[in-house]
Each structure stands twice: as structure tokens, then as C-alpha cells.
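Place chains L, X, A, P and C on chain H using the hints.
Protein chains in written order, with numbering that gives the first Met the number 0: chain H, 0 to 223; chain L, 0 to 223; chain X, 0 to 223; chain A, 0 to 223; chain P, 0 to 223; chain C, 0 to 223.
A pair holds if it fits inside one copy or across any two, identical chains being indistinguishable in the list.
In silico DSS-like cross-links for lysine-lysine, where the CA-CA straight-line distance does not exceed 30 angstroms:
id	residue 1	residue 2
1	K184	K21
2	K195	K183
3	K195	K14
4	K217	K195
Read the hints as simulated data drawn from the structure, not as lab findings.
Chain by chain, the residues:
Number of protein chains: 6
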Amino acid sequence: MANIVVQNIERTDLKLVDALGKCGVATVHEAQGRTGLMASHMTPIYAGARVAGNAVTISAAPGDNWMVHVAIEQMQEGDILVLEPTSPCEDGYFGDLLATSAQARGGRGLIINAGVRDVRDLTEMNFPVWSKAVFAQGTVKNTLGSVNVPVVCAGALVNPGDVIVADDDGVCVVQRERAAEVLKKAQEREANEEDKRQKLESGILGLDMYNMRERLEKEGLKYV
Amino acid sequence: MANIVVQNIERTDLKLVDALGKCGVATVHEAQGRTGLMASHMTPIYAGARVAGNAVTISAAPGDNWMVHVAIEQMQEGDILVLEPTSPCEDGYFGDLLATSAQARGGRGLIINAGVRDVRDLTEMNFPVWSKAVFAQGTVKNTLGSVNVPVVCAGALVNPGDVIVADDDGVCVVQRERAAEVLKKAQEREANEEDKRQKLESGILGLDMYNMRERLEKEGLKYV
Amino acid sequence: MANIVVQNIERTDLKLVDALGKCGVATVHEAQGRTGLMASHMTPIYAGARVAGNAVTISAAPGDNWMVHVAIEQMQEGDILVLEPTSPCEDGYFGDLLATSAQARGGRGLIINAGVRDVRDLTEMNFPVWSKAVFAQGTVKNTLGSVNVPVVCAGALVNPGDVIVADDDGVCVVQRERAAEVLKKAQEREANEEDKRQKLESGILGLDMYNMRERLEKEGLKYV
Amino acid sequence: MANIVVQNIERTDLKLVDALGKCGVATVHEAQGRTGLMASHMTPIYAGARVAGNAVTISAAPGDNWMVHVAIEQMQEGDILVLEPTSPCEDGYFGDLLATSAQARGGRGLIINAGVRDVRDLTEMNFPVWSKAVFAQGTVKNTLGSVNVPVVCAGALVNPGDVIVADDDGVCVVQRERAAEVLKKAQEREANEEDKRQKLESGILGLDMYNMRERLEKEGLKYV
Amino acid sequence: MANIVVQNIERTDLKLVDALGKCGVATVHEAQGRTGLMASHMTPIYAGARVAGNAVTISAAPGDNWMVHVAIEQMQEGDILVLEPTSPCEDGYFGDLLATSAQARGGRGLIINAGVRDVRDLTEMNFPVWSKAVFAQGTVKNTLGSVNVPVVCAGALVNPGDVIVADDDGVCVVQRERAAEVLKKAQEREANEEDKRQKLESGILGLDMYNMRERLEKEGLKYV
Amino acid sequence: MANIVVQNIERTDLKLVDALGKCGVATVHEAQGRTGLMASHMTPIYAGARVAGNAVTISAAPGDNWMVHVAIEQMQEGDILVLEPTSPCEDGYFGDLLATSAQARGGRGLIINAGVRDVRDLTEMNFPVWSKAVFAQGTVKNTLGSVNVPVVCAGALVNPGDVIVADDDGVCVVQRERAAEVLKKAQEREANEEDKRQKLESGILGLDMYNMRERLEKEGLKYV
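Looking at chain H on its own, in the form it has when it is part of the complex (with noise of 0.2 angstroms):
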């Protein structure tokens, strides 16, 4: 593959990017009919933490973090870098000097499928990061990645200027040409779980919300 920077990148417009982030990872991947969803191994470094920003994505060779650097230059306001290392890895690309840079630039977390080091100041710092691993390892800068291509992280395709939502629940990937009717659906949602709420905590059952009675006798389920 080429090694290619693309510099002027598409993105989504932040109110929309904010507005999905409120809505939490399972509900828009609920909106976005269940895709976009990267693995469960994405994991946070801290509880708690919540973002959503434009995917800024990084092509890198294992154990090999120059392109990190080259990454950051492109970063706006309300960026997330998105690192996939061309083979598995879990070196830590990633610590306390990167992240602020990243956070001078207005950048707002890291998503790596690979590994993360500096966490005790990456938590302090409230740069959010999602990881396959926690790993001190350091790596080189000697072989040309890409930024800005499209990557396959964890399993789920990124685009760069794609919406990056993520919390205590993992990452998804909203594609920015649907955004703003994901962000819709996902609002309908929410609206719509508020009142199951109620109607839950004040003992109606789901078999009976939801009219799964009938369907469950035809099936066959039977009751001893």
C-alpha cells in the first residue's frame, strides 16, 4: 500500500458529533442497526469515561508508532485518532507526551487496537483512551504507515471523518454520511426507553409490554 497522509478529510459536524456521544455507544449502535460495533477487547482505560469525535485513522506498522506523530498534525478541534497496526500487536504506541499533543490540538481520545502506555497520567490528564492492552513497550519509527485511509479497527471499517462514539460499553463507528439520521433514530430511542423505564420499574413485564406471550405458545414454549 502507498504511504499517503490525505490532509483535508471530511468531517462530521460537531454539534452532531456531541449530540451522538450523549447518546451513549448502545443506543446508537442500536440506531445504526447494530453495526460499527468494533470487539469487546476494546477497552477503556479508565471507567467512566465518554467521547465521541471525527476519526482521524492511522495505518501502522507493528511496533511502530512514527505515524502517531505524523497523525497529530492533522488533528482539529474535536478529533479521535484511530490506530490499527497492519498485524497484531500490543506495543505501547501511545503515552503522557502524545496525548498532549493531541490535546493541544483539540483532540479528544485514542482508540488502538494495540497497546497503551502512561495510564496513571493519561487518567489524570482525562485523555480517554480504548485498548487491546495496557503495555509499556516501546516502540520505533522506522517504516511509513498511512493516515487518513480507510482502516478495518477491531473489526469494524472507519473511514476517516466518521463519528467515533465510546464509553464504559466499547466503541462505535457512526459513518458520516448517515450521522445525522443515526443521531435521529437515536434520540427516538432514548425518548422511547424513558417511558419502558417507568412502566419496568413499576412492575409491568417485558413478556407483557411487548406482547410476547402469544408469539412464545406458538413456538412452543411450555410452562411446568
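Relative to chain H, chains L, X, A, P and C alone:
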């Protein structure tokens, strides 16, 4: 397997259940002769959770949470849901709405050898879950399973009405018929441990407290 | 292998040890030339723990914690236990009683490529543990092992008296003979990092600070 | 758990056992209502092995094969050893000497949720093994376990005298009490499959043979 | 995601496909710039299998093989099925009956990031499969998916009509649009490799053949 | 770590090496006191391979096989390459061209805690490899490492010139200094095993041959 819901299961007295819960997983597991422990991948979604309850068991198809709705109707005060998929799965069978419904019926928590979502909400609701994964992936409601049948969950056999004890150390199942006996042994063990703790704190060595030196020498341990 | 306990090991001066602990795992690992890091599955039982100490090593049979009792007698102020089972195991070799005994002797923590239990108590005791698993499974005391022999723990060679540094980023071993040299380099590195951090915070890019642009161009990176 | 050896177990008639063996794992598993299948990590040490036999079960401490010797005395013509360690382990509990002894008693194979060694010899002896690992690591003979008690092996409940069916697809347990019924269903299934195979071979589609088109349309599948 | 079946996909010419198949996975992967390789857990059910074909893709619910029946109708001479479940699953979606049907339509094999069964029969039929698991676990036919939509399979993006190349080294996807170009580069690479092989066989070192010595020295490699 | 190539290493006499190879991994591992065994994930690329040789060790960056070329120049008749990446990696560092070169220098095989490719060719060349993965992913030649330094490979410490023994049971390292002693014990063990095999074949039980009955009874085993 026929798809059935067993409605009238025998439960363990909640006084026994609560007392077992106070002893904790490590002690109960020892008191029961080191049986009933689930695999170590069953981890709590938040630290510090401790719970005990009567098992309401669910056997469910992969990626299908229909039977969870069925099971919640069977819950009573002090129950804990125990779900094993019929094949390995990490989908998010359970979230805040189902937890709301389970809590409304007196449910105390969930043990699931699969995934869970809405972790932030569940944490705020103080609804503890031990799971194999945190994963926002949604499920369908198309395939029957069974409720309150014996299941092997994360390697441990669970019969409906057995006592589940869960804390930061994992999850242990106590057979209903043995609950009183196990509690007795667990409490004796605890009393005994307090005495040992004080001795060890004062500097007495386990080597001496347990009289190990002679046997070590006999087995051939050499000090050099 | 003969079953032996080496009683008089050389330790590293605690001033050196404590200073290395302050530098943290990522820095020490770099300062030592990126050697000595344990595998990323060695995770702390609670966030925020930081410790450094002299290694008292244990080679133990799977599911057998007899040698832990033997090792505790060998502990001195500032020591850390390092246990590698002779084959992969995740049993709970260690709990609050053993931690009480280790603390009574001045022990600072445990590194175990296996399981640990009583996590709640250990957290309250402020006794940090890095382990492969949290697992309540009990162990026996039937098979000899060795204490204070060289072990390969989670992929890293540890000699008794080596310095163990552990924090949220994992566990790193510093060879005793190199401790002073590694500390010097680590402290230089830290001083250097502070300067870099300020530059990055002010918006200077790594690309410029490290003079990467020319080399990137020479290697063929294309901006499009 | 008390350490016991149950000497007089009821076995399944070898005619039934052999007939189940001919049906193979996939068919038997279906005929039994999709129950009894062990986890997919239980793989054969050589391709092409097929076996069925009565289960002689072993619960053994990690890294301790003492109970294998005890179990071999309990073997009869047509038996298969089924070993589950009391906690996860991959040590080589079993090699060519034990296989020689088991074969001398009419034993047909080994199912072990742990490790095996001397794979070349076992292959030459035509002694099939399904295991979690191939690992030369030796074991000790220091800790008791039990023989012919119910065990959960690789996720499946096995009672002594149950029928074990194993082939390239894995391992399935048939409850002794249901063996005749399961065999009948398995044989019906096989007859039925032959007819289907011929239709499919001739180019008839499953969509038509199983009348799926109407239901697919009703569920909303769109052809574009 | 809407549930659709795309009927008229563009395929790659079978002459190109077959020529790519002869080059093999490692060469094709290199020729394509080291892209398109599936994860290493995708292993063949028998050694020595080599195949290339046009991808007919399937997105299926976990534990539900309904869409496989739908996909087989879409198969033509020279096609290979590529199945990715919508969430991680290792159930046996596919066995000898489906293989019979696929072969009747000219199908050449299956790539499935899940499980397969009837391995012995598939081997005898000479129907190659690369899968994540061998697992007899049966599936249901209750939930829709899609056929011939883009899928991310085992980490690689696959569009319907892309070329799949698979052998003992794994599975590689060649984009349809690039097939001719990749073949050309692969064949050049092969010609080039033959020359290198002869030199190396004669004792010439890679160090000299690739002129590495100067660069190694410049980078600082020390011979001691 | 400084990047060095140690050129004059001491090797073990090939008569010793070959004799150890004949004993096989399980026997040698026992004879050496159950030390030196690599992890069970190190599996052969084809069944039936058996090899022994002197270790030429490689420490290489993840995804970078430059040092393999350097190492091959250091090989002599009877050597085996042993490669450990500096962090976990499964890339295909080695294929048929490198094998051709290694064979031209008298090399006997490769032990690599990473990936290998061209498995079909390597099999035809009769060049055995034990690896963590089969993976076509290519590597670069940008980062230095070291040759003939001590490495921890798959959990076992390997010094250059140590004897590697590998077969279907895995890989074992024999320390050069202990090779003659270990061979002697291994051969005694083999002689001893033949006698045991005949006894077991004749129907004598291990329980009697090893006089286990008394100790089992003393430990409390109950026959019921």
C-alpha cells in the same frame, strides 16, 4: 432439548443466602470442599460488588435474549439470574431496562457467561453483574430456550434454587441441599481465620503456625 | 530441579529501589534499553498501585502454594514476592492471610503469573498484586518447589534481589547489577520529558521537535 | 470434596455404544437435542480418529496424574477415560505408558481437558486422545482426587457410564439413560440425510427442499 | 441493517482467479502491497488445500445458518462462500449437506469466521474450508441476514466478487478491480523468487544478495 | 539493549545433540528435571517432525526479519534458529527462501515465537518449524536486533549453543553445560521405560508396579 419454564422451584431460605453472602466467595468455596466455582473469566462490571441470591437459571440461544424476559417473570425477592448460552457468545443480552425490570421483582443481580451492556447505568443502579464480556451488541427474540432447568454456567453446574455467591473474587454456586452445612463450615472457617490473622500479624510464620518445617525437611527441601 | 531455598541473597539498596519506583514502569523499561518487561496479562488488582522492591522469587508447582510460606520467612523490609508456577496455572495461591504475614515482614507486594484471591481484603490492606487472574480456587501444600532461584516470570528473567517496579502500566524487572545505571538514565529521561511536555503543550509538533519531516520525505511519505 | 473411587458403575451396552460411534458426533449431538457437546478446544491428536465408549471419569488436581493410575484399574473393555482437572491446567497427564496400560484393559481412548504427551507413540499405538493441549510437562503423584464421580468436562456434564462419542468434529456425551433413544433418533436422522444429500447433489436447493422461500419473504428478506 | 440479497454481482474472470490461486496466499498478499490478509486464526480443516474463487458473501446472525441456504442459490461456477457472523460465534454453520449443495452449483469452498462440522466428510468430498473453529454445535433458521453485501471477515474487508485465495498459509482477499494488476505483480514476484532461490541454494547469503551489510553497519550493528 | 552479533559461540557436540534428539522432548524434559520446556502454543507446522540442533538465537523487533538474514550467516552444520520477538507478534518472519538459505548452511529447523509462512514449501523441503502461528503477513528490514544473545523464547531461557530438541510434543531446551548429563539420564529413563511398558502391556497395573496402594490408603482415598 424441550423448551420449558419450570415455575415452582424450591429456593434456599434468604437468611441462609444472606449469611453465605457475608462469608464471600473464597471462604464459601473452601467450605464447600472447593467445588462450585465458576471460571475466572467471570468478572464483575464494577469493583466492590458483593451479592448472594437464589439462582433462576436461563438456557438461551446465542445472540437471543427472549428467555431473559420469560425468566424475569419467574423472579422473586432475593433471586439472581444465571444465564448460559447454548454455545459461546459474548453479545449484550442484558442492559438497564432488563435490570430495571429485574430489580422491580426483587432481583439482586445477574451472572452471565456472555455479554452485558449499559454498564454505566447498571453501576449507577447498583445492579451487579458478573460476565464474560462487556459488549453493546444487541440480541434478537426469535429462538426459544428454557428457564429454571439445570445449566452448566462457566464450568459450574447450577440447579435452580441453588445459592449464588459473588464478589470481587468471582462467582461460587452452593447446592441448595448443602447450604446450611456449607454456611456452618464457612463461619467456622472465618472464626478460625481471625485467630490466624492475628498471629501472622504479630510476626509468627505460617511455617511455624502450621507446623510445616518437619514435613518440608522430610520431603527433601534444602536450605542453602 | 533440586528443591532449594537460597537464604542469603544480595539485595539492591532500598534508596535505589525507591527511586526507581518513583520513575515508574514505562520510564524504567526505556532506561534499561527496553528489556525486563513482563507480559501485558500481568495486571494490578486495583488501579493506582505503585510499588518497587527487591525480588524474592518462588518456583512453585501448579495449584500448590507451599513454597509461598517458605518464601515469606526469607522476606525482609522492602521485598516483593515473584511467583512463577512450573506450568501455566491460574489458581489462587495467595490471599489476605499470606498478605498479612508478608506485610508483617516488611513485604511490599506480590507479582504472580497465576491467580490471587481475597481481592477486596488485599485492596483494603493496601497490598498490591499484579497477577494473571483473580481466582478463588484454593491450592494444596504437597509438592516442593524452590525459593530465590532464577525464574522466568511472565516472559521476563528474574534473579533474586533484582528490582521489581510495578504500576498501572505493568511490571518491569531491573537487574540488580544495573540498578544504579538504570536509575541514572531513567532520571535523565524524566528531566528530558518535562521539557518535551511543555513544548508539546504549547502546540509544537513532534514532527518538528524531533526533526522528522526530512526523513519522512526521504522514505517516501506522500501528502495528498 | 471427599476423595472416592466408585467401583461398580453401570455401563451402557457396547452394542449401543458402537452404534452411536458409527453415527458420529454431529449426528448424535443433533439427535440428543443439541446437548452434551464439549467445547471446541477439545481437539484430536491425530486426524481421522473415531471412537465411542463408556466414560470412566477422573477429577484430578492440576499437574497431578495420580488418579489416572487409580482409574485405569476401574477400566473394562470398551471404556474411555474422561479427565477434568479441578482447575485449568494443560500439563501432560498422560503418555504412552499409561496408554499401554489402558489398552491392556480394553480401554479405547482418552478425553482430557488438559494436556497429553508422547503424541507420536500414541498415534502409532492407535490410541486416540482429545485434549486441550499437547504439552510434555510432567505431573506429580501427591494429591488425591476422585474416580467415577460426575464431572463437568470442557463444559459438558459427564456421569460415569455415559457414552462418549468422539471424532474429528469433537466430543459429545450421551447420557446412559437416553442412549437407546438417542441412537434411534440418530439413525433416523442418518437415513433422512442420505435422501437429502441425493436431492442436493442433483441441484435441488435447500430453499426449495425445506420450503424456506415463503417464510423468508414474510420475514422481510429483499432480493435486489 | 436492511436484510438484502444482491443477485447480480460482478465477478472476476475465472482465468484471473485461477492464476491468482496458483500464486498462493503469501505471494498474492505481497503483490497486493500486504493488504487483504485475514487473521491467522482462519485455519484449513485439512492440510494441503489450495483454492481460489469469487466471493459470495454472507452476513449472518450468531448461531443461525438460514442465510447460507439463501447464498447457495446465488452461487455460480468458481464461487467461494465467505461468512462473517454479526457477532463472534463458533457454531457449526456448515456441514456435508450444505457442501454437497454448494458443490452442485460449482462452489469451491468456504471461508467462515465461525465453526464448521462434518470435517471428515468435507475432507473426503475435497471441499476445503478455512474456519475459526471445528464445532458440531447446530444452528437455527430464525433470523435474517444479508447475502452479497460488503463484510469485514476475520479483519479483512470483502466485497462480493472479490477474489479469495486460500492455502495452508491462510486466506487473502484480492479486490476485484485490482485482480489483473495484482496477478501481474505476483507472477513477477514468482519469477524473481526462483532466481533468488537458486542463489541461496548455492550458498550465497541474503546479506550479500540484498546488499545489507553497509546499511547494517550504518545502523550500528556490532559484530563481537 | 545494544545490537550485537556474537560470532564465536560454543556449540554442543553433534553426537550428543543427535542422541538427545532420538530421546525426544518428553524424555529429555524429564531427564533435565522438568526444566527448559517451551509453552504449548509452540506447535509444529507438520506432524511427525523430529529434530535436534544447536541454538543460534535471534532477538528481533516485531514485524522485522532483518536479523534472520544476519543470523543465517552465523549458522553451521547442525544449527537451529531460535527467534523471540521483542514483543508479541505473529507475523511471518520466515518462508521458503530463508529456509533454502538456512538449509544451504546445514541448518536443521526453526523455533519461532511468532509466525511462519510458505508452509507447503517448507513441508516439501522437509524443513521443520515450531511456531506460534502460521501467518502470511510480511515483515520489514528496518530495525536492528541481536544474534546469539540469551533470549527467553516462549517462556524458556535459551543461550546460544544450547541444544534444542523438538518433536510432536513441543520444544525443549537443554543447557549446553548439562547436555552430556541430561543425555545419560534420558537414556537410563528410556531403558527403564521399556521394562515398564512390557509389564503394563501384560496387564500389571501402575498401582502395583509403583506400589501406590498403601500411600493412597494413607492419604484417605475411599473405594465405594
